[in-house]
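Chains as they are written, first to last, in this note's numbering: chain R, 11 to 257; chain Z, 3 to 169; chain G, 6 to 178.
By construction, these hints were calculated from the structure, which means they are not laboratory data.
Among the clues, some could well be false.
[As the list claims (entries may be wrong)] Incomplete in silico selection of chain Z near chain G, CB under 8 Å:
1. 48
2. 78
3. 79
4. 100
5. 104
6. 121
7. 122
8. 131
9. 133
10. 135
11. 137
12. 146
Values in this document were obtained by computation on a predicted structure and should not be read as measured data.
Even for Gly, the Cβ is constructed at its ideal location relative to N, Cα and C.
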Amino acid sequence: MSATVYSIRDSIKNLPKNIRSSVLRPVEGTPEQARAAAVFGNVFLHIHPARVHENSLRFGYTLGLGLISFYLFLILAISGTLLMFYYTPSTQLAYHNMKDLEYVVSFGVILRNIHRWSAHAMVAAVFLHMCRVFYTGSYKAPREFNWVVGICLLLMTLFLSFTGYLLPWDQLAFWAITVGSNIAAYAPWIGEKIRFVMLGGNEVGQMALIRFYVLHVALLPVAALVLMGVHFWRIRKDGGLSRPADR
Amino acid sequence: MELNNFGGAATMPDGLDEGRRSFVKKVTATTLALGVGGIALQTGRFLKPNVLYEPARAFKVGDLSIFPIGSRIVIEGRGVEIVRERDGIHAVSLTCTHLGCLVKQVENDPDVAYACPCHGSTFAHKGEVLGGPAPKDLPWYEMYMDHTGALVVDTSKVNRERTKLVV
Amino acid sequence: MHVVKKQEIFPRDPNKTYSLMAIVDGDSLQVDKDPGDTVSSWPHLVLRELLVFLVVGIAVVAVSLLFNAPLEEPANALHSTNPAKAPWYFVGIQELVSYSAFLGGIVAPAAIVLSLLFLPYLDRNPAGVGVWFAKERRVATSIFTVFVVAMGILIVIGQFLRGPNWTLNLPWH
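Make a model of the complete structure from these sequences and hints.
Right, here's the structure in full:
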């Protein structure tokens, strides 16, 4: 065995190559293997299988609705996190923060617009995704449980949207939440108690605002994220996207 | 061996070992159930506030002199209307019994006195439902005069008999 | 026994360990079978996904540049807005609520959510998977369409036809 000489000169010369290969985990082999490795060697892409059925790529089949919902969630998470830097969940300040976003903060108004319109779009996309899955019969065995997870995600989307609706603390928000919380109070036996705990009091005020805020920025997004993880994982485990039986 | 007295399954009679196992299982399951249940109950209780920083339910609305006979005066911020008539005075809630919107007074209508802007419930002068989805009449609240002579409305007490305060 | 000389797609690598990752109920996974009707995820799938992301991103930014998010006056517990409307996806429920709060606000949503949750356990007929509007599923398709159309109509009524005091108005009045 001949000892390899490690010279600092070589190291510097090969620096870009070495950094690149340390990050990318390159695989030497056939082009086929390299393509597979590009997917399973990457933590963000390895949610995909190395190979997918051609049917999964047919845009006319899926309309990309599930993916669009996920992207809208990502856009909402990023824009929402940025908005948090300028938002205070206080009945005194919340509305002024909205005005500040509109007139004082650079790009504040566009960020708020992105957050609001993506939220509307996400509700629509999730609902349409459910329609697609129904009309293609994709909820049938073995994908029953993933349909249930999907319904839970639809509910999460609605809750997220509803809790976010109160945060600007304008007339639209205040009365929509007054009406919504009073609907909950009609539930038999525990309706009044649900309303009291939901609002943290008898009327929509500071306690309700902070509760909706915590639900909107912490509890519900985390719950949605966990459910999404299960949803995507189950797609793989249940044999990929649904498709007609092989002939 | 010392070990055998505690965990050596090999030399233990089968029955004894089974008994011990099921006992440990039961203890574990009970502890878990009690722990999880207790945390759930405590969390639920934690979320129910004990002190509310809301306006007091009983409040002064002012002297009798500011309510002339025949007037219907809305107390801003309280969702209450004070109605003074020849035979007495009473307080009507302006919170719609349907979903809690504030009802609006209707001018120049012999029958309808209040209409809800949210879902179109209508109420008569005494608060009875005339139409729309509202399930109950607008309640009257208890009223009394305190020792300084100011009128007080207590919105935590509903005046079920709809008796007017004679002044 | 004869040995079939076959070019494996993923030749066995002695430097690696192999383990069973999942047991899938169904026809053979890839044993003795070409992955003929599959394509590699990179680049076919991943590039398409990127394309969808671009389209979604551009659409959202474009809409946000064109239209401002609504913001009304500060919340005021003293004055209800007239009419007070829920967000559009709840306006259908609100329309039901304006007929009966309990039936429209509690019973109908609960019935919808429960029937959606239990749908795959009630409809056990495996026919018609993977095809839009499969012929074998006419009944299911019709029922679901009625539900979707009803929701749509309620939302349109609530959002566009309800004016002050929740009275039915035509939008151009």
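Quick rundown of the hints versus the structure:
1. 48: violated, 26 Å
2. 78: Where the cut-off is 8 Å and the nearest Cβ of chain G is about 6 Å from residue 78 of chain Z, the hint holds.
3. 79: holds, 6 Å
4. 100: holds, 6 Å
5. 104: holds, 4 Å
6. 121: holds, 4 Å
7. 122: It holds, given that the least Cβ distance between residue 122 of chain Z and chain G is near 4 Å, below 8 Å.
8. 131: violated, 13 Å
9. 133: violated, 11 Å
10. 135: holds, 5 Å
11. 137: holds, 7 Å
12. 146: With a closest approach of 25 Å, the residue 146 of chain Z hint is violated.
The structure fails to meet hints 1, 8, 9 and 12 from the earlier list, while all remaining hints are met.
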